[in-house]
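Trainee: These are the residues of each chain, in order.
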Amino acid sequence: MVKTLGWLAGAGLLVGLIMAFGVAPREVTQGNVQRIMYVHVPLILASYVAFGVLAIASVVYLVRRHPAADRVAHASGEVGVLFVGLGIATGSIWGKPTWGTWWTWDARLTSVGILFVMYLGYLLLRGTIDDPERAARYCAVLGIVAALDIPLVHFSVYWWRTLHQPPSLMKPGGFTGSTSILWPLLINLLAFVLLYAYFVARRVRLLRAEAEVTA
Amino acid sequence: MSYARRALAIAWKDLAVERRSKETLNALVFFSLLLLFVFQFTLGGDRERLAAVLPGVLWLGFVLSALLALGRTFLVEREHDCWEGLLLAPGDKSAIYLGKLVGNLALMLLVEALVLGLFVVFFDIDLGRALPGLLVVVLLGTLGLAAVGTLFAAMTANIRARELLFPVLLLPVQVPVLLATVKATEGLLQGEPLGAVAHWVKLLVAADTIYVVVSLLTFDVVLEG
Amino acid sequence: MSVDPIVRVVEVRKVFGLVPVLDGVSLDIRGGEAVALLGANGAGKTTLLKILATLLRPTRGTATIAGHDVARAPEAVRPLLGVVAHGAWVYDDLTARENLRFWSTLGGLHTGADELTAALAGVGLERAADVRVRTFSAGMKRRLSLARVMLARPRVLLLDEPFAGLDQRAKKWLEERLEALKAGGAALLMVTHSFGRELGVADRLSILAGGRIALDTPRGSLGPDDIQRLYAVHAEEAS
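Chains as they are written, first to last, in our numbering: chain A, 1 to 215; chain B, 1 to 225; chain C, 1 to 239.
Hints in this document: simulated from the structure, not taken from any laboratory. No experiment lies behind these values; they were computed from the predicted model shown. Take these hints with a grain of salt, some might be off.
A few chain C residues that face chain B, going by a derived Cβ cut-off under 7 Å, partial list only [as the list claims (entries may be wrong)]:
no. : residue
1   : Gly31
2   : Arg78
3   : Pro79
4   : Gly87
5   : Trp89
6   : Asp93
7   : Thr95
8   : Phe102
9   : Tyr231
10  : Val233
In silico contact screen, one side only, chain C against chain B (beta carbon under 8 Å); selected entries [stated by the list, open to error]:
no. : residue
11  : Val3
12  : Ala53
13  : Thr54
14  : Leu55
15  : Val83
16  : Ala88
17  : Val90
18  : Tyr91
19  : Asp92
20  : Leu94
21  : Trp103
22  : Thr105
23  : Gly108
24  : Gly112
25  : Ala128
26  : Val131
We put the CB at the ideal spot given by N, CA and C, even for glycine.
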């Protein structure tokens, strides 16, 4: 099952990247560098999925105390932080030639940056607690607090600043780009979510093996 | 009601210990004076620049003091092995959270009043009409900091890298509170009425509600062991 | 004395890192019964106590108190416990009386002023009642802990070196209180490495050595010398 997931993710990525770099239209003002968007945006959105799963798994763990829920939260956190980090990096690579700077304190970047640091803290907390049961409990609480904080971060930062292009997929009016941009974007999004699932599945398996060895 | 009694017992105990030992209070007062001097040296000369950065600087002072106060909130328990006593206390542990929160709020508001007073005096600031609105914002912002801070302080109380991990965990989560309070303070100090910064105030109320409710619900889990 | 043991320890193992401190400990304590657990320093007595106090989880095996698993349902176990371990649970900046009142209130009790004074008098702290604990000696702090635990009238009492540092009067007071608790159906575990007369409260003797219970016998008419001899024999066998 996990293997098929891996193959699917790989295939999805291949198709997505071909579409992004081959099929999708060249952007008029920014040039080819804009194609990074097909990787940058899905990475960020997939990380939101990761953190959402983390929050749900945390709640499940606190209610049922099943170690599997904790392992899913743990793995989700790791992949989520990885994706956000890569998302920020690709955003910087996109931003430098486009806006002339590696980083700006606009709403979207700032929010994502805060997310990155928050969940990095989550991983740090895991790393510092030796007792696995206590680590699971405390991280579940932190995961829930962090998830509930995300809308607050989003609104506060958005009201504070708006420089970034308005969120194209999540604006109330719906998507305004043309379909030739939408399809590669959606395919890459699906591919990255599959990749996330694959990574989490592998990591959970590894964590379970680790737990069995030390028990 | 036993819940209220237990929460009050915790709050009373914290305030009594603090009133007699004055350890945290002394640290906070000294720290506030230090901040005052540092801000004066770095920003004092230019009045216009000072007015521009004042809200941020003020809340920076508040947040740093909060880190100090909240980081120490379970110190007395750790030092005298009373932590086990809290773990083994029967009944709903969120009463302990509530008591700690009340104690922390009292301490933090006291120090903030001091910092604000020092700023007004030493930087010759006219609060005037802004004061009532400012008090509302300070109260809401402090509650936000204390609500999550007390929960995270309990979580990091017995962890290896406590002094490092506590601010690392708390600060990113508190960004909404920080933004809202600084922006609202900015507006108020520029003479705007409270209504003009209403959206920030609403955000603070929402944040405070979420933080307190989640902490009350999850404190039991943290104090399991 | 009830039939079913309130405290059941079944094949408990506790490993710290790679070192097995407890290696298959089984022990039962009935209501109204006091068990004295003897062992050298480092034998694992405090570890077992902490596991029963829900402060540590066993690596393997189960321990239940009144039918609740201490690892899985600690919150069900905690209201039943009275614990006096190494940590004294005292706030230095509060007086003895204030400390007692605080822990009593936190425990959900409504202890009147007279009862507090009586408890302090029992442990010989009546003159130091309104003095800040900061000035107390270790023995005085220990006595305050005992007063605290007695106020709660717990169903299961876990004591680490209960008679250490007490004078004759306090020892007599403690014996009386423990006997009263036993008569009320409480189960007592006293962990110690001494063999003195204070073991008079114990109904059974257990020796912890080599990570296991090396001997579990009714105290009967054994005197301190007999106990010391038994200990020497069994502790040596185990190591």
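Trainee: Would the hint on Thr54 of chain C be counted as holding, given a Cβ-Cβ threshold of 8 Å to chain B?
Mentor: Thr54 of chain C check passes; min Cβ-Cβ to chain B is 7 Å, inside 8 Å.
Trainee: Hey, does the Val233 of chain C contact hint survive, CB to chain B under 7 Å?
Mentor: Not OK, violated: Val233 of chain C not within 7 Å of chain B, min 35 Å.
Trainee: Checking hints one by one. Is Asp93 of chain C an interface residue toward chain B, by the C-beta closer than 7 Å rule?
Mentor: This hint holds: Asp93 of chain C lies near chain B, its Cβ roughly 4 Å from the closest one there, short of 7 Å.
Trainee: Less than 7 Å between beta-carbons is the criterion; does Arg78 of chain C satisfy it with respect to chain B?
Mentor: The hint holds - Arg78 of chain C has a Cβ within 7 Å of chain B, the shortest such distance being about 5 Å.
Trainee: Regarding the hint that Ala53 of chain C lies at the interface with chain B, is the smallest CB-CB distance below 8 Å?
Mentor: 7 Å, holds
Trainee: With a cut-off of 7 Å, does the beta carbon of Thr95 of chain C approach a beta carbon of chain B closely enough for the hint to hold?
Mentor: Constraint on Thr95 of chain C not satisfied, violated at 10 Å.
Trainee: Please check whether Val131 of chain C passes as an interface residue: C-beta within 8 Å of a C-beta belonging to chain B.
Mentor: At 13 Å from the nearest chain B Cβ, Val131 of chain C fails the 8 Å test, so the hint is violated.
Trainee: Would the hint on Val83 of chain C stand, with a C-beta cut-off of 8 Å toward chain B?
Mentor: 6 Å, holds
Trainee: Could you check if Ala88 of chain C really has its C-beta closer than 8 Å to a C-beta on chain B?
Mentor: Status holds, d = 6 Å.
Trainee: Report holds or violated for the interface hint on Trp103 of chain C, using the least CB-CB distance to chain B and a cut-off of 8 Å.
Mentor: 7 Å, holds
Trainee: Just to be careful: measuring from the Cβ of Pro79 of chain C to every Cβ in chain B, is the smallest value less than 7 Å?
Mentor: 4 Å, holds
Trainee: Just to be careful: measuring from the Cβ of Thr105 of chain C to every Cβ in chain B, is the smallest value less than 8 Å?
Mentor: Thr105 of chain C check passes; min Cβ-Cβ to chain B is 4 Å, inside 8 Å.
Checked against the numbered hints given earlier, this structure breaks hints 1, 7, 9, 10, 11, 24, 25, 26; the rest are met.
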